[in-house]
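Asks: Line by line, the protein sequences give chains E and X.
So the first sequence is numbered by our numbering: it starts at 37 and just counts up by one.
So the second sequence is numbered by our numbering: it starts at 154 and just counts up by one.
A portion of the hints provided could be inaccurate.
[Stated by the list, open to error] Below, computed lysine-lysine pairings styled on DSS-like, alpha-carbon distance capped at 25 Å: (1) K167(E) with K183(E); (2) K416(X) with K100(E); (3) K47(E) with K100(E); (4) K115(E) with K100(E); (5) K115(E) with K235(E); (6) K100(E) with K241(X).
If you're looking for bench data, these hints aren't it; they were derived computationally from the structure.
What follows is the residue order along each chain.
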Amino acid sequence: MPELLEVKDLKTQFFTRDGVVRAVDGVSFELAAGETLGIVGESGCGKTVTALSLMRLIPQPPGKIVNGSIMFDGADVMKMDDDEVRGIRGNNIAMIFQDPMTSLNPVLTISRQITEALELHLKMDRAEARKRTVELLDLVNIPSAKKRLDDYPHQFSGGMRQRVMIAMALSCNPKLILADEPTTALDVTIQAQILDLLKNLAREFRTAFILITHDLGVVAGMTQRIHVMYAGKIVEKADTGELFANPKMPYTWGLLRSIPRLDELRKAKLVPIEGLPPDLIALPPGCRFEPRCQYRREICAKEEPELVGIPNAKPDHEARCWGTQQGGWLVDLDWRHEIGDIAVLEEIKKEIADLPPDVKRAGEAGGGTPPPPPPA
Amino acid sequence: MTTLTGASQRRSAELNVLGRKQRSLWGDAMHRVVRNRLAVIGLVVIALALLAALLAPWISPYGPNEQDPSLSLMEPRLVGNPQYVNAKYLLGSDALGRDILTRLIWSARISMVVGFVPVALIFVIGVTLGLVSGYHGGRLDSLLMRFTDVVYAFPDLLFLLIVMATLRDSPIGEIFGGLFLMFIAIALVAWVGLARLTRGQILSLKEKEFVEAARTIGAGSGRIMLRHLLPNALGPIIVSLSFAIPSAILIEATLSFIGIGVKPPTPSWGVMIHDGFVVFSTTPWPVLLPAFCISIVMLSFTFVGDGLRDALDPRMRI
């Protein structure tokens, strides 16, 4: 399949008085048209900077994309001039932000915010753009859309505003939507609605999207593949099904352990990952997760592992960990035992099983070896 | 994790139909201004002054320069010394026997024009520099702000005196009876505050997420500045302008009083004070009446400015 987006060795750095912040440090991934990808990681590990880099929206100075290529739809975004990049933004790549309360302009009406992209890229006139805006608002399930065109953002609730943001993102039929923590600022019931809406619309319009989140539970039912990021690097990449069936990297385990549950008496405690992500100015010399990793060995602190395949996993399942490499000490470790509460995962797996066949097939296509049987 | 079903969707649609008309941001602000009694008084006085200025040729009893030397220095009826009152002149006459009421009405023209035209120029210069400076930042910002500092540091009155005194008799000084030169001079000294204010507003606004959102849909710098940032900064800018109007009127009066403002015989309140000053020991009215007009108009603008500030301040919102 021809790739829609191909990112190679992307490095984005911020030059501050205290030193160089290596926010994104050699990230590579690709995405086919219509495909969905989840990028997961803690706060401050470079997820948002990755997304902004794709649209060349890194504030410069102090930021700079120092290395890497971003091929989008056959063109190199890095080599485009400002006008060309602006032609892509909103038109071919759209973005949905984390906080709908602040990402709409408070003094512009809803219709003016949505029609802006339509007028800019599709050269629609006012009347046409307004008509399209009504359609878009209907599409994102805003009741009596026509009446609400001239409302201001403060007259909308958080969930409704996020719907408006989604309508804005969809307005020019983009090929790729970057959703940066689209539900973090919303309450749980609205979260589910918004995620559902996003998923359905993306499938309907065959839009590829990258979902950025810190919550593995959110991406589980949403995307075909998942990349786990830590301190500016991808540390584990796999199909969604594979990642939840057979997670390998201790950091991923940590994330899985910290998915909270509300519905059931939980025997195991919610276990946070100890400590904080490393200072992106002074990174540890070895594995970046080493200082917080409970499975670390001597080599971990000395040398940084590469992102490579894992012996007893699917071929496109890769991890950046000494322990999971050929002969490593984590290869045969029972992750279920390490994580503790398996019920969470069972539930997530059930959710993945409920996915429509096209999503599941893409998830299974790469698989060769079956997931290893749980050791006794 | 499901969207609303058909029935419940219809129901929620019904629930969300808005029975009342929505109020816009500006409509809301207007409502608050109207509730402020002082601001309304100010608006009424300003409206009257504007009307007087517009209708001067029709409502004034005489021509602005019509004189009757035999009836000079008459005092106002009712309050003046009956010995020096003449039925012809309601508010008395000046040293040259011109009707003071007529001249007060005609003077409103100059004051209104001097109030509004330079302020339009101030708006253009101040907002442009403030927007560009605040949005682009970096070296351009430093350059523009140092220039602003230089203008700010130069004494206003000195600048005005120099410009008016030297250029008053040049071709520029002749346009509109010297008014054009005064517009330019006032605008050149008074834009500084607005530029700084706008820059400050933009500096904080440009970090807001909606600006980034605008960038992601492909909006260019110009569009972001004019369509996204400026409307958000407009509240404080309007307030600042409403205070700039009375100060422009005062500058005109000051310059005219010194004798380098509007050229006589064109009537302006400053010119009238200037003329009346000579005969102040004989009768105070030719000075007091225009001075009263200046005060009342300035006070009105200040009331309106205060009202606008309260109305547009987001912290005052209920």
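Asks: Within a Cα-Cα threshold of 25 Å, do K100(E) and K241(X) meet the stated pairing?
Replies: 80 Å, violated
Asks: Would the pair K416(X) and K100(E) pass a check requiring their Cα atoms to be no farther apart than 25 Å?
Replies: 60 Å, violated
Asks: Verify the proposed pairing of K47(E) with K100(E), using a straight-line Cα cut of 25 Å.
Replies: 8 Å, holds
Asks: Between K167(E) and K183(E), is the straight-line Cα distance small enough, at 25 Å or below?
Replies: Holds. K167(E) to K183(E) sits at ~12 Å (cutoff 25 Å).
Asks: Hint check: K115(E) vs K100(E), CA-CA at most 25 Å. Holds or violated?
Replies: 14 Å, holds
Asks: For K115(E) and K235(E), compute the direct alpha-carbon distance and say whether it is at most 25 Å.
Replies: Not OK: K115(E) and K235(E) at ~32 Å, beyond 25 Å, violated.
Violated hints, in rising order: 2, 5, 6; the structure is consistent with all others.
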